[in-house]
Each structure stands twice: as structure tokens, then as C-alpha cells.
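Asks: Chain by chain, the residues:
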Amino acid sequence: MSIIDILSKPWPWYVAGPMISFVMFLLLWSGKTFGISSSLRNVCSIAGAGKYYKYFDFNWRKEIWNIVFIVGAILGGYIASSFFQNLDPLELSNNTINDLSKLGIVFSGELVPNEIFNIHSIATLKGFLIIVIGGFFVGFGARWAGGCTSGHAISGLSNFQLPSLIAVIGFFIGGLIMTHLIFPFIF
Amino acid sequence: MTKSEIISWYRIQEMFRFHSFHMYGVIGSAVILGMIQVFIIKKINFKNIGGKIIEFKNKKLGRYNNLFGGIIFGLGWALTGACPGPMYILIGNGYYIFGAVILSAILGAFTYGAIKEKLPH
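First to last, the sequence lines map onto chains F and R. Following our numbering, the numbering of the first sequence begins with 15 at its first residue and continues without gaps. Following our numbering, the numbering of the second sequence begins with 459 at its first residue and continues without gaps.
These are calculated hints, taken from the structure and not from any lab test. One or more of the hints may lead you astray.
Capping the alpha-carbon separation at 25 angstroms, the derived lysine to aspartate or glutamate pairs in DMTMM-like fashion look like this [stated by the list, open to error]: (1) F:K65 to R:E513; (2) R:K501 to R:E513; (3) F:K46 to R:E513; (4) R:K574 to F:E77; (5) F:K140 to F:E129; (6) F:K140 to F:D113; (7) R:K515 to F:E129; (8) F:K23 to R:E575; (9) R:K500 to R:E575; (10) R:K518 to F:E77; (11) F:K116 to F:D102; (12) F:K23 to F:E77.
Rough simulated footprint, nothing fancy, chain R against chain F, three-plus residues with beta-carbon under 8 angstroms [as the list claims (entries may be wrong)]: (13) 23-32; (14) 38-49; (15) 96-108; (16) 144-153; (17) 174-184.
The beta carbon of each residue, even a glycine, is placed where N, CA and C say it ideally should be.
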């Protein structure tokens, strides 16, 4: 088996988790902090929102690494999918496949269900809800909570921050409500 | 993150349905190693590239914002199947529709900034 073959197989959690932790270390070492949702605030600031609202009025040039990190993330996704693509379908648990099929969502074996995540579906109520409202909630919620999965769940919990623990509990309350109570009405 | 499939909408569903250990393993091991890392950095006064001792800012505790912001984030996380980092990585994977998800997230962040003073924290 070649190196490419090994890299192309899905990576188990005990490889991915430590690597995320290592990314956090690299950021700390270079004098930054690991947190992605602050980049959303940065983009608003770069676009000039600081003229209108205090929240965006800061020197975004000092935080430009945040945007560089995002470019890196896009590149990483490109490299992983272009050169180390896993051609086998995602190994999703049968229970999840069954649950989703009851909701009428076909498991495609890809990363996301294509029938929802395509340009035409934005015009449908379901697609608009998932893509636009879902995205809006992520951005709004992350900023109100003061961080997202990286800033609160990884960085915050690593430093025993109570606000982060509360936020992560919130993430799961929201996710469980959506998955178990609201999904049956959407799909 | 692409290779461990944690950017997958399906994997997030699996997580919120408690059908697999995978996501919990990724996040859990990252946090446990993170705790050890932070402990050691503090213990030996580890310096960053610039030669300064690494300081950890405390997250601000709010009566409402951490929990309610978190819940709204969670609702969105289950819908889109992606938190902010994975949204960008999915674009790199060729799922360009996540550009629309990110724009919506930026709009969400903008709305927060615009009404911040009126929200309880």
C-alpha cells in the first residue's frame, strides 16, 4: 500500500483529534488563538461595518491571520479532495441511514446530501431554511455565545472555561432540538 | 478535517443521534490533549515565537449569551451540518453552495453586531 493509499483512507478519530489539538498548539505558539468564528466579524469589519457599529470598529489588519487561516482551510479541503480522495462511500452507521431515510433523505455516500445542498434548492422553502437560515443561526449564535466549536469547545474547554462549557451545552441543546424535534417538520 | 469526515453533514446527524463515537472521539481527544497542552504551557511558562509567555484570555461569562447564543448556534449546526471551519473546507472540497451558507453566517454575525446593545449578555 502506498503512502497515497494510506492518506486516502478515512482517518480515524484518534488521528484527527490530536491533529486538531496540534493546530491549536501551532496557533498558540505563533501568538494567536484557535477560533474560527471571529473571522466572520473580521469580514464585516473589512467590508467597512466599523463605520456604523462599534462591534466591528477595530483594527482588522492585526487580525488578518484569521483570514489567512480560512484560505488555508479552503486549500486544505481542495488538496484532500483532489489528491487524497477516498473513493469508497462514507461509512455512516446504519441507524443514521435508517433514521434519515424515514425522513426521506437518501444517503448518497458523499459528504453532504446533494439534493439539499445545491444552488436550485435555495429557492425552495426547505433549502432556504437549511442553507440561509441555518447559516445565519451559526453566525449569529456563534457571535452571541462568544465562540464556536473551535473557540469554545476546543480552546475554551482546554483552558477549563466555564462560559465555554455552558456554550457547548447550548450547542448540544440546540442541535438535539433541531435534529429530534424540528427535523420531522422540515423533511 | 476532510479526511476524518467531520465536515460531513451526515456525520453531524450521526453525532446528534448518538449513533457513532467518531465525532465524540475527535472532539474529546482534541480537548483532552488540549488540556494537557495548556497545563504544560502554563507550567513551564512556554514562550511563543515572539519570545512572549503565552497568556490565556479568560472567556467572558454571561448570564444569557453563552447559553442562548449556544442554542442558536446548535440549531444552525444541525441544519447546515457544519460549523464555521468546515464550511470553508467544504468549499475547498468543491461544494460551492457552502459559499451561500458562509454569506448567511456573515450576515448573522453582522446582525449580531448591529443589535448587540439590545441583547442580554
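Asks: Can you tell me if the segment 144-153 of chain F counts as covered by chain R, using C-beta to C-beta distances under 8 angstroms and a minimum of three residues?
Replies: holds (count 10)
Asks: Hey, K501 (chain R) versus E513 (chain R), does the alpha-carbon distance stay inside 25 angstroms?
Replies: 12 angstroms, holds
Asks: So if I understand the rule, the pair passes when the alpha-carbon distance is 25 angstroms or less; does K23 (chain F) with E77 (chain F) pass?
Replies: 35 angstroms, violated
Asks: Test coverage of the segment 96-108 of chain F by chain R using CB-CB distances below 8 angstroms; three residues minimum.
Replies: Per the Cβ count (5), the hint holds.
Asks: Is K46 (chain F) within 25 angstroms of E513 (chain R), Cα to Cα?
Replies: 10 angstroms, holds
Asks: Can the restraint linking K140 (chain F) and D113 (chain F) be considered satisfied, given a maximum Cα separation of 25 angstroms?
Replies: Holds: K140 (chain F) and D113 (chain F) sit about 18 angstroms apart, inside 25 angstroms.
Asks: Does K23 (chain F) pair with E575 (chain R) here, judged by a C-alpha cut-off of 25 angstroms?
Replies: Given that 25 angstroms is the threshold and the Cα spacing comes to 48 angstroms, the pair is violated.
Asks: Hey, K574 (chain R) versus E77 (chain F), does the alpha-carbon distance stay inside 25 angstroms?
Replies: At roughly 21 angstroms apart (the allowed maximum being 25 angstroms), E77 (chain F) and K574 (chain R) satisfy the hint.
Asks: Given the hint that K65 (chain F) pairs with E513 (chain R), does the C-alpha gap stay at or below 25 angstroms?
Replies: At roughly 31 angstroms apart (the allowed maximum being 25 angstroms), E513 (chain R) and K65 (chain F) break the hint.
Asks: Just to be careful, I want the Cα atoms of K515 (chain R) and E129 (chain F) compared with a cutoff of 25 angstroms; is the pair within it?
Replies: It is violated: about 43 angstroms lies between the C-alpha atoms, which goes past 25 angstroms.
Asks: Holds or violated: K140 (chain F) with E129 (chain F), Cα cutoff 25 angstroms?
Replies: 11 angstroms, holds
Asks: Examine the segment 23-32 of chain F for residues whose CB is less than 8 angstroms from any CB of chain R, and state whether their number is three or more.
Replies: holds (count 9)
Against the hints set out earlier in the document, violations occur for numbers 1, 7, 8, 9, 12.
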